[in-house]
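Okay, here's what each chain looks like letter by letter:
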Amino acid sequence: MPTRFRELVPFLLAAALLAAVGRAFWLPGERPADFVFVNGTEPKSLDPQLITGQPEGRIAWALFDRLVRWDPETLEVIPALAERWEVSDDQRWYVFSLRKDARWSDGVRIDAPGIVAAWQRFLDPATAAEYAYQLWPVRGAKAYSTGLVRAGAMIEVELDQRDPERPFARGPLVRGEAAWVGSIAGDGARQASDAAELFGGSDADAVLVDVDGVLYASPDHPLVAAGDAIAARAALPDFATTVGISAADEHTLIVELTEPTPYFLHICGFYPLSPVPMHVIEKHGSPGWTKADSIVCSGPYRLHSRRLRDRVRLVRNETSYRTDEVSLEVVDALAIDSGATALALFETAAVDWATSLPPFAAKLFIERDDPTLRLRSELSIGFYRLNTTRPPLDDRRVRQALSRGLDRATIVKAVYGPGQPTSLSFVPEGMEAATGYAPVQTAAEDAAEAVRLLAEAGYPGGKGFPKITITFNADEGHQMMAELIQAQWKSRLGIDVELASMEWGAFLDAQSRLDYWVARAGWTADYVDPNTFLDMFLTDGANNQTGFSSPAYDRLIAEASRTPAGEARDAVFAEAETILMDELPVLPLFMRVSKNLVAPWVTAFPENPLDIHPLEAIRVDATARDRARQARRLRGGGP
Amino acid sequence: MIAFLVRRVAWLMATLLVVYTVTFFLMRAVPGGPFSSERQPPPEIREAIARRYKLDLPLSQQYVSELSRLLRGDLGMSFRLADYSVAEVIAEGWQASASLGTVAMVLAVVVGGGAGVLSAARPGGLVDGLVRVSTMVGISLPSFALAGLAVLLVVYEWRLLPAAGWGTLPQLILPACCLGAVYAAEIARLVRSGVVEAIQSDWVRTARAKGASHSRIVLHHAVRGAIGPVVSFLGPAIAGILTGSVVVEKVFAIPGIGYHFIEAATTRDYTLAMGLVLLYTLLLGVAGILVDLVQAALDPRIDLEK
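Going down the list, the sequences are from chains C and U. Take the first sequence: its position 89, counted from the start at 1, is 87 in the numbering used here, and no numbers get skipped. Position in the second sequence counted from 1, then plus 195, gives you the numbering used here.
For the record, the hints were derived by calculation from the structure and aren't laboratory data. Glycine included, every Cβ here is placed at the ideal spot set by N, Cα and C. Treat the hints loosely; a few may be bogus.
What the hints assert, rightly or not - Derived DEER-like restraints, expressed as beta-carbon distance ranges: (1) U:Ala282 / C:Glu327: 30 to 36 Å; (2) C:Glu84 / U:Tyr258: 54 to 60 Å; (3) U:Ala407 / C:Phe358: 55 to 61 Å; (4) U:Thr461 / C:Gly459: 39 to 45 Å; (5) U:Phe220 / C:Phe358: 36 to 42 Å; (6) C:Glu501 / U:Leu348: 16 to 22 Å; (7) C:Pro162 / U:Thr461: 51 to 57 Å; (8) C:Phe166 / U:Glu352: 52 to 58 Å.
What the hints assert, rightly or not - Over 10 Å on every C-beta distance to chain U, these chain C residues come out as not near it, computed from the model: (9) Glu323; (10) Ala407; (11) Glu481; (12) Asp580.
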């Protein structure tokens, strides 16, 4: 190697080092945030229609307004984009009157036709929104969101033409009755099919539809090239005539439901139903519109910047009609999913709120009665699923014995410390305070009765009981709970149980394939209504995953969905939960408790059983915060 | 030289294809998928999502369509970070990982190299003893233990440095030290044994006979003999350190690609995981080629054409 080049190497290295460090730390004029919180894992998306998780939700609640809001303490439905609404006597028609001063952060008015278009996008199968089923109570919404097109139905065909001004807008629509749906073979033979999928779908390349004598097919279909069919991007049920969502005028939105759905109004306040800015999406496309320089927002905050797996920075949205409610101008949501790291940041006063903490720390904080830890029972249940399709768990008496042989209080206290309530009902107790529905409990602990039931099922003293396994996803707490339950079943019922810890993805997969005996699980309310817990166990329900099937139960849940809210409906639910708590495809164990670490200088921090804490309602004593930060300041300079 | 490069690049391409293929089928053989969730949507929605992302196609068809997209230079959209393409994720994460890695590597070379030379200068002395003990500790201590210990002492006990985060210089120090420590220990060990061996060689004895001072012998003559093994070690080490450290990035909440990699694997983010596996393979391959070139430049006995 020539000497001169070798002499340059150290300098080149130093220059590269400087450049790399400089590049990483070049943050133009960022000021410290007024409020910093640990938000958990990196949000999947900022698009409120595409997300399902809590970290995503915390951002979406701040960025996007909904038709209605939930009171931050009581969760009662209160006006938001809709300033008032009327519900028909049969609870099937909703007329929302929108406020006239609602605007996107770019100044564009939020009106009823815009909300219809946004909900249409939510239901469009091409959007692939996981929560689209939240709108299924609406007439025709399910068929639209699953893209079902049948001959004889009114359909809309989206032509494959783009408007250069709005490159991501839907193409022009041809609407009419589908005269025929099917495929055409090379020799011209027509094969009618019952339903066509999206043209963009994988197995739908061959499908054509005939509207008023004209054939439409996906752009790469051979008949399109031959000029015998017109290129179309999608064929869906006709939204305007088949789906019960429409705008009567600029400020009136009308929604028609298939059945009275008492929780529908509540769902209108859930983040997936947030209207999205169609004028921006049509210009930038998805996910392009979620970038910091494109996105426009409707909530009390707007997006300032986002760094992957680092932070989402929110700033007060001056164009929101609620902007005066906001006290924290700049808020940082840190993407940190390690509980230990979150705790270290909280203890060094680098964050004002941590949304969770590791189990070992939780126990410590509870035992020393630390005032920064806010415990609050959630509408959330920790339970075990029992696979009712596998012997011996297919015997109801065995399931009952497993339940009655458990001393829940001892187990739950050992794992989570005091302050974690046990549960004998599947619907958490908090539901009674929230809706008036009193959950039905399963029979309480009774070891002698458990032994008797087990003997009746053919396993006296546990003799002959096949070896079953408790499956859980790898986690210290889940492991400990399974060990305690294993020990109790052994000592009280004389049965041997094995434990299996699994990786999260594999665990979920095993559960949905019913490839387990006993599996740990948890469920949190989507909306404040017993239905969010009880409709899980409909026969073949996506979240049933126990093989449980009871026609009587299915009938009751269906009846409840037809019954307007009130005592009669609660009685139907109670009857259903009685069946569930007698059949026991699940063993309810404990009510989950939200554990938030909130700094002492936070003066207002609204709490509710859904663990939602709207940022605009949080208040901070800035003097106390700065004093505390000063006192705890790091000698090496804080973040 | 040219023939060498052509041959190695061709091998690298073949390796990339094999790694891609194996990873593709392994990822999909693992149970679960990018849309697995504790909260399952109804089957109709699941099917619509699978169709939308072409996950309902037979594996062979998926493989062909993914590979042809890759050959067009498109790594695709991330499943789990849905607002980003894989290229965007790598571009953003790379900055953090590369900055952290560069600082850590420079620390490792300076501290490790220095300690190795000092230690070899007086074998069996006090400095040598200290260095040998700390390199043993450095090599055998897993990085999560080291990082945990560092947080306990430096952050909680002494309150010297911030606990985590990314964006300021103080936030860089602790993770860079934790990440660099293992490499520093390894380099110190290599340098020490290289220098000690060289000191006993004939040419060093000749230099000594000619009247060269001990420090000149160690710094000028013996160190050169130790450079070879260090360079061989640095090649893959640089590739490894630049692609980020899973543990250090997670503990200190650093938005680098090591963190993305482990998350992509556990959440079955097929596209992101594939993109990162390819990146890692590419870096390792390129580092290997560079090491051979540097070795050849340093040591005339090595002939690249063979």
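Do the hints match the structure? See the list:
no. : hint                            : verdict
1   : U:Ala282 / C:Glu327: 30 to 36 Å : 34 Å, holds
2   : C:Glu84 / U:Tyr258: 54 to 60 Å  : 55 Å, holds
3   : U:Ala407 / C:Phe358: 55 to 61 Å : 59 Å, holds
4   : U:Thr461 / C:Gly459: 39 to 45 Å : 43 Å, holds
5   : U:Phe220 / C:Phe358: 36 to 42 Å : 39 Å, holds
6   : C:Glu501 / U:Leu348: 16 to 22 Å : 33 Å, violated
7   : C:Pro162 / U:Thr461: 51 to 57 Å : 42 Å, violated
8   : C:Phe166 / U:Glu352: 52 to 58 Å : 54 Å, holds
9   : Glu323                          : 28 Å, holds
10  : Ala407                          : 26 Å, holds
11  : Glu481                          : 22 Å, holds
12  : Asp580                          : 25 Å, holds
The structure fails hints 6 and 7 (numbered hints given earlier, in ascending order).
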